Amino acid sequence: MSKQEWPLYEVFIRSKAGLSHRHAGSLHAADDQMALSNARDTYTRRSEGVSLWVVRSDRIVASDPTETSAFFEPAEDKIYRHPTFYEIPEGVENL
Amino acid sequence: MSADQTLIAYTLRLADNALILAQRMIELVAAEPELEEELANANFALDYIGQARMLYSHAGELEGNGRSEDEFAFMRDEHEFRNLLLLEQPNGHFGDALVRQFLFEAFYLHLLEALIACSDQGLSEIAARAIKEVKYHNRHSAQWLVRLGDGTEFSRERVQASLDNAWRYTGEMFTGDDIDVAFQRDFDGPNLNAIRDLWKRDVERTVTEATLRLPDEQWMVSGGKQGQHSEHFGFLLAEMQYLQRSFPSATW
Amino acid sequence: MYTQGLDQAGNDKQSGVETAEQLAAFQKRVDAEEKIEAKDWMPEAYRRTLIRQISQHAHSEIIGMQPEGNWLTRAPSLKRKAILLAKVQDEAGHGLYLYSAAETLGVSRDQMVADLLSGKAKYSSIFNYPTLTWADIGAIGWLVDGAAIMNQIPLCRCSYGPYARAMVRVCKEESFHQRQGFDIMLTLCRGTAAQKAMAQDALNRWWWPSLMMFGPNDTESKHSAQSMAWKIKRFSNDELRQKFVDVTVQQAEFLGIRVPDDELSFDPESGHYTFGEIDWQEFIDVVAGNGPCNKQRLEKRQYAHNEGEWVRAAAQAYASKQAARAAA
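Residue numbers (the working numbering), protein chains in the order written: chain A, 1 to 95; chain B, 96 to 347; chain C, 348 to 675.
For the record, the hints were derived by calculation from the structure and aren't laboratory data. Fair warning: there could be bad hints in the mix.
From the structure, some residues in chain C lie toward chain A, with a derived Cβ separation under 10 angstroms [what the hints assert, rightly or not]: (1) Gln436; (2) Leu443; (3) Ala448; (4) Asp457; (5) Phe582; (6) Ser583; (7) Ala662; (8) Ala666; (9) Ala670; (10) Ala671.
Label pairs and their computed distance ranges (CB to CB) [as the list claims (entries may be wrong)]: (11) Lys519/C x Leu19/A: 34 to 44 angstroms; (12) Thr539/C x Leu19/A: 49 to 59 angstroms; (13) Trp314/B x Glu629/C: 54 to 64 angstroms; (14) Ala576/C x Val92/A: 31 to 41 angstroms; (15) His21/A x Trp314/B: 46 to 56 angstroms; (16) Pro74/A x Arg224/B: 48 to 58 angstroms; (17) Ala674/C x Arg224/B: 17 to 27 angstroms.
Just so it is clear, the structure is predicted and the values come from calculations on it, not from any experiment. We treat Cβ as the ideally placed atom computed from N, Cα and C, and that holds for glycine.
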């Protein structure tokens, strides 16, 4: 008998129609269907959701924290992408 | 037996099934094979406690003597309980408890389906709520049966034995007595023969998928529905009822 | 949630590769109340402290299911049975969330469970006391969950993101736990004389172990200062204990039962209750494994784990077969 532990899954819940799925937590399961059941029984006990996604944690591709500055800081000085960058003269509406 | 009495007796059988199965399931708390399964087992047991409460309350209202859900649960003796023998059987190992759950719920699902259509509004409403819960349980148990059956050699043999051992308690589900007959006639109740066919079909499908074999036709034990229980049952009740019996006038 | 000042048994090795610059930069992030996430650089000692604390916390939830589970089959009404089952189930869930949080630090659940089962890992000493009557279920909810809440609310702001997030969920779910315990006590105290005596007896037995849950006095607590600097811990053991005593004594008065401490008195000057000395020898003994139920709790866990092995293996074998079939 193999003594390896069941793989880890990440659980995402849509709390109601119209919202996107959000990460809720993790759990262990032997297979995908079990992961879905376990997610239901663990993470939706208080009516937290109307839809579930589960995905094996080792299938997630993540950015590397050591590259955080290279990944995300270049966006910080592009303030012209935000509407608050622009001054609206007095009296102009609906803009 | 009057129609009212039939309805009360029938409702109490359903309530007793739910309570006794729940009681067995909560014995499994903190003993499940994996943490995630603890959550599932507790969810299902909570569903059954909820069903038992609704059904006892309904029986109490029908009876009209002010008996509460707790009086039904805690102040009746062994012979007054009318649950199926299958449900009072000791848990055994994970496979035994799973097979008990699976065999009962494959039946209960169709029973509830039929009860939604019965002419007693209270029962019909309770059945409509319960069926959602039981559908989910059934999905869970069926998947587990397949995992154990089609798992390791050891697990297949073990769960096959569970199935063989539990089989002789399944006949009672479909053996109609006076109450079943009267309930079907007077309240558009379930047709147990029809349910047996559906049950057989569903059980066979999952058992086959699980690479297990259906046990042979055999002698069936019955009696729970008439209040004739197995020896285990007295202990279950003694434990469950102990506080209410020790302090009869107290509220908790 | 049942953490306590379980900061004993630490043997953190300082790894030689950590530079002063790295440590200073890390501390700066913590001081700025930035959350540390799983893959971020962190001092090895921070990681180890968290693994120890979070896993002990998780173990406490799991072992904590037993003393309350002890009354599930005997709960005196169907309503109480359902409430207690929902509570014990929450504890399983909280153990699960916490194991998951610890797993982000690079330790497997299997390893943590193995450490629990071998007796290497600790869990909250409170669960090594027996639940002898139904009133103990009330006392656990009221006192033990009450003490736990004092500890856990600040943990929602812990510097380690996954732990803080797990604690937010735990706190949200647990908000009913203490209330249901107090509700049981209140019902008993308003009930028959025998019921009230049951409630008093439970308070007598659970009061001091509850105070011990906050861990050793600040002067004795080895890891407190470091944990405070890392913002894993926000308040000291003694601060939290005092807060607990202040609110709980008044609740006992409302219930009409007596806190078993002859030295208990209200000090109008400070606005706090002063209370007697905890029997620290008892605490040390119970943590060392010599409480009334240490052996029993661990054996039950070991038994369940061993009995479940074939089931876990079967599920895994099935999953492998399915994967092979899908690939074929």
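Item to complete: Would you settle whether the hint for leucine 443/C is holds or violated, based on the nearest Cβ-Cβ distance to chain A being less than 10 angstroms?
Response: 6 angstroms, holds
Discussion item. Is the interface hint satisfied for alanine 662/C? The criterion is a beta-carbon contact with chain A at less than 10 angstroms.
Written reply: Alanine 662/C check passes; min Cβ-Cβ to chain A is 4 angstroms, inside 10 angstroms.
Discussion item. Hint alanine 671/C vs chain A: min CB-CB distance below 10 angstroms?
Written reply: Check failed: Cβ of alanine 671/C comes no nearer than 13 angstroms to chain A, outside 10 angstroms.
Item to complete: Would you settle whether the hint for alanine 670/C is holds or violated, based on the nearest Cβ-Cβ distance to chain A being less than 10 angstroms?
Response: 8 angstroms, holds
Practice prompt. For the hint on aspartate 457/C, just tell me whether its beta-carbon gets within less than 10 angstroms of chain A.
Written response: Since the shortest Cβ distance to chain A is 4 angstroms, the answer is holds.
Worksheet entry | Verdict for histidine 21/A, tryptophan 314/B (Cβ pair) under range 46 to 56 angstroms | Cβ of histidine 21/A to Cβ of tryptophan 314/B: about 53 angstroms, so the range 46 to 56 angstroms holds.
Fill in: Range hint 17 to 27 angstroms (beta carbons of alanine 674/C and arginine 224/B) holds or violated
Given range 17 to 27 angstroms: violated, Cβ gap about 42 angstroms.
Worksheet item: Does phenylalanine 582/C meet its interface restraint, that is, does its C-beta lie within less than 10 angstroms of any C-beta in chain A?
Response: Where the cut-off is 10 angstroms and the nearest Cβ of chain A is about 26 angstroms from phenylalanine 582/C, the hint is violated.
Practice prompt. Given the range 31 to 41 angstroms, decide if the beta-carbon distance of alanine 576/C to valine 92/A lies inside it.
Written response: 53 angstroms, violated
Worksheet entry | C-beta pair proline 74/A, arginine 224/B: status relative to the range 48 to 58 angstroms that was hinted | Holds, since proline 74/A and arginine 224/B (Cβ atoms, about 55 angstroms apart) stay within the stated range.
Fill in: Supplied distance hint 34 to 44 angstroms, evaluated on CB atoms of lysine 519/C and leucine 19/A
Violated, at about 18 angstroms.
Discussion item. Given a hint of 49 to 59 angstroms, does the C-beta separation of threonine 539/C and leucine 19/A actually sit inside it?
Written reply: With Cβ atoms ~51 angstroms apart, the hint holds.
When the structure is compared with the earlier hints, violations turn up for hints 5, 6, 10, 11, 14, 17 and for no others.
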